[in-house]
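Heads up: the sequence lines are chains A and B, in that order.
Residue 265 in the working numbering sits at position 265 of the first sequence, with consecutive numbering throughout.
Residues are numbered in the working numbering as their position in the second sequence, beginning at 1, plus a constant of 274.
These are calculated hints, taken from the structure and not from any lab test.
Computed from a predicted model, the values in this text were never measured in an experiment.
Heads up, the beta-carbon is just placed ideally off N, CA and C, and yes, glycines get one too.
Hints are supplied without guarantee of correctness; some may be wrong.
Listed next, the in silico EDC-like pairs over lysine to aspartate or glutamate satisfying Cα-Cα at most 20 angstroms (straight line) [stated by the list, open to error]:
1) B:323 x A:257
2) B:376 x B:349
3) B:323 x A:156
4) B:378 x A:167
5) A:272 x B:356
Using C-beta positions, here's what the derived DEER-type ranges look like [to be verified]:
6) B:293 x A:89: 44 to 54 angstroms
7) A:160 x B:498: 24 to 34 angstroms
8) B:403 x A:93: 31 to 41 angstroms
9) A:260 x B:513: 47 to 57 angstroms
10) B:521 x A:93: 52 to 62 angstroms
11) B:403 x A:39: 49 to 59 angstroms
12) B:438 x A:179: 40 to 50 angstroms
13) B:315 x A:102: 24 to 34 angstroms
14) A:179 x B:403: 23 to 33 angstroms
15) A:85 x B:303: 54 to 64 angstroms
16) A:175 x B:521: 38 to 48 angstroms
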Amino acid sequence: MSAQSTRPARATAGGGVLRAGLRVLEVVLLPAVLIAVWWIASITSGLYYLPTPGEIAATFAELWFSERFFEDVLPSVARLLGGFALAGVLGVGLGIVLGLSPRLRAVVEPVLEFFRAIPPPVLVPLLMLLVGVSTSMKLAVIVSGAIWPILLNTIEGVRAVEPVLIDTCRCYGIRGRRWLTTLVLRSASPQIMAGLRQGLSIAIILMVISEMFASSSGLGYSIIQFQRGFAIPEMWSGIVLLGLLGFLLALLFGLVERRVLNWYHGVRAAAKGE
Amino acid sequence: MLDVSGLKKIYPGQHGSVEALRDLTFTLGDGELACLVGPSGCGKTTLLKCVAGLMQPTSGTVTLAGTRVAGPPPDMAVVFQEYGRSLFPWLSVRDNVELPLKEKRLAPARRRELSDEALEAVGLTKFAGAYPWQLSGGMQQRVAIARAIAYEPRVLLMDEPFAAVDAQTRADLEDLIRVLWKRFNMTVLFVTHDIDEAVYLGQRVLVMSSSPTVIQDDVTVDLPEERDQIGTRAEHRFAELRSHIYAEIRNAARPQAAATAD
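One chain only, chain B, in its complex shape (with noise of 0.2 angstroms):
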């Protein structure tokens, strides 16, 4: 589905570049749910940015479902970490799930109906006619995600995107997106600076160097389908897991320790 391959970024400037990333390749299939790792200042952001379409990389490849992503393809959709600024103030929380939708030219009725049914996913039904800025930040996010939704995009990036809820919104908001995911049959790329996080939410946890950025590793997560948020992070593979990841991010945090990684 989602193909990155051999992905550079360098930030040309003045007093030298910077190289962001140095050689990123994963592959994601149809409707997986991975996490990216790694630890802050790795690229995480300048990846996603690369993946969505923003920004073009200074050499490789990003196709997805077998094109070539040159600008934003038209089948994915981007949930941002600023949550507040994403969203368009000056419009219902209705109008901002469906002003991506009056782009796509999809008819009135049908469009009512794809923002009810993401409203009603992420339980903002009564809020429809609210503004942003009359929401708490947890609800903000969840506008967010149900435009993302709506918008029925077949990959679903989400670039750290509860850094900024207290713990018991993230927890919510966690499982949400685990609910979502399997609705909607959607390929899911989390990025997150929070390991534990990453292991409870993904099928798969890719691992981030520091900065220069490679893939350090890719770890399966061989956890029961349906996760709890008491009884999955009380699991003893869920520890083993956090702490085999959290070891990784120790590693590549050393820069020596990167480079002879692979």
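If we strip away everything but chain A, and leave its shape as in the complex, we get (with noise of 0.2 angstroms):
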């Protein structure tokens, strides 16, 4: 029932200080491996779209702790968070009516399916079309492609409600907002944070893909505009940019699922136990 350390409580300080050291050198150890692989590589082979390590730090440092924060990465960021928002309002609001209503999903589904097998770059150029090169257009590629995980886990996760505690709020005359929020969004809060989780990363692709093709500022299109003028460290150093901004995000969601998803993971492992 308490949740008792399994590990054997060995007192010594020194044997703490030695443990926290390997555990520190077990996350650390790959990217050293890796950074020191690529380093070699790069001195070894001297080839001028691969600079070292050491340089694209440097240009980093350089490049993005100025006023390009402001110009580039806050614009991306917003929009991608802007978009990711976007979907997940939409993605679960439909995904309860359409979880909620058999009729309506009978209906829907299929068109569902077509939409959601296009490819969302491909609406790009169409979006720059119709809505014009915008941040709306940037917000709608966003959304497009964002919100599918997002609608199909929050439909398959309403449906999945337990029909016991159906039952019982049915019972107690639990109905309207509670019975939408304490019961049916509850419920599905595994399944649409597994959604959101997928959803978050496509956001980030598509993000970068949107201001590639249409944009005048932005991290994909500063990643582009470095590509053509040969100003190769820079366009690394703005790979790595976006890798880190994608390990972040992750870690936040990660952080938030915890906090929302504390219950599931104690019955999962009530459920184990027994």
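Hints in hand, dock the two standalone chains.
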């Protein structure tokens, strides 16, 4: 019942420090090896298109810790988060409506499958014509791709609400908003979070693609510009920045998820323990 | 208090319809504790769902305190057999108990008072902050019972609530039900497949026939008010009642006998 540590408690201070040191080593080891391999490869090959990690790091600091941060990084991140939020609200909202109505689902589902099958990047040229080269167009591209996993997972989650809980809510007269938030949304939250996680990584990809196609600012735009101007270390530093951005967002998402799904992990752990 | 009259339920199906309940009529007086036993598959859960307003009967009526039941009535609480699945795993024990009270629009202080009392009554005061999945099966069922009591129902329905707990826990919960029934002045309808449990708990035992179901017998349990797991079960009268109902149910299992039983 209580969450007791299974590890034997060895109360020596030296052991603690040693273990912490080992843990840090575990985390840092592989990245260090990869950077070293890259470094050696770039020095020995002397390839113009493969600058050393040192060069990239120096360029990174110089390039992105400047006004570029406000001109390119922040607008990109804002578009990314804006598009993701919009996809989240639309996906979860529509998902709940469709999940609750079998009849509506029967009508809409084949069409959804078709739209889902369209690779979102091909919508960029179309949306450029329809919406113009604007922030709205980039948001539309991000939403058009990120919404699907969110929508489909929400539908599945809403359909799988425990029937005994539905009866319980009926018996105790729980309906309306409380029914929606306490029963339906919380029941579906594991699936909704899984959908949002997929949606987030799709949103990052589409943010970059939409900026590569049609933009005058942003990370995708900058990377293309550097590539065209043969500013190779700059181009690499942009790629590294995107990698770090994705990593950071996944980390933040993990923190939120752990809070929201605390009960779910508890239930699963309890089920395994029995 | 609770009137069930001519209740009939037919499930339509592709391979012919199934008659789950044929004709059920019985009345529970105010503050009565009645147990309903019957062979497995005789439609106990169907009956309970009809009484709870969760299911529409094909014909017949359920009347609670003079009002016909068309949906779940506001002064009735239900404890389900699947206790683990009837609790909200994302809410703490206290929030599970207080959720229906929020819907009743009670003030926070009053909600707290009711949930404190209910949790105290089932012996879970110390676990108010825990989550259902941190508790054992018997404790989870106590949470479901506390939630029902805090709702201040006039009628409490229980659908084989102890079918899935171990024998010792079961005995404890049976005694708990007797205590709560007296303390909170509720009318209790307790559905079970366990004849011993029905005789031990009830003032009355309603015996259901096998499907298609009718009420086959209505046995008054003339045991002393104070029941005791060891003493009561050892009484000669307890054994008599038990054997009588057992024979009825054995008869009920034979369709021919069921048709001529009344």
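Evaluation of the provided hints:
no.: 1; hint: B:323 x A:257; in the structure: 37 angstroms, violated
no.: 2; hint: B:376 x B:349; in the structure: 15 angstroms, holds
no.: 3; hint: B:323 x A:156; in the structure: 27 angstroms, violated
no.: 4; hint: B:378 x A:167; in the structure: 17 angstroms, holds
no.: 5; hint: A:272 x B:356; in the structure: 19 angstroms, holds
no.: 6; hint: B:293 x A:89: 44 to 54 angstroms; in the structure: 49 angstroms, holds
no.: 7; hint: A:160 x B:498: 24 to 34 angstroms; in the structure: 49 angstroms, violated
no.: 8; hint: B:403 x A:93: 31 to 41 angstroms; in the structure: 33 angstroms, holds
no.: 9; hint: A:260 x B:513: 47 to 57 angstroms; in the structure: 56 angstroms, holds
no.: 10; hint: B:521 x A:93: 52 to 62 angstroms; in the structure: 60 angstroms, holds
no.: 11; hint: B:403 x A:39: 49 to 59 angstroms; in the structure: 54 angstroms, holds
no.: 12; hint: B:438 x A:179: 40 to 50 angstroms; in the structure: 27 angstroms, violated
no.: 13; hint: B:315 x A:102: 24 to 34 angstroms; in the structure: 29 angstroms, holds
no.: 14; hint: A:179 x B:403: 23 to 33 angstroms; in the structure: 25 angstroms, holds
no.: 15; hint: A:85 x B:303: 54 to 64 angstroms; in the structure: 59 angstroms, holds
no.: 16; hint: A:175 x B:521: 38 to 48 angstroms; in the structure: 46 angstroms, holds
Hint compliance for this structure: hints 1, 3, 7 and 12 are broken, all remaining hints hold.
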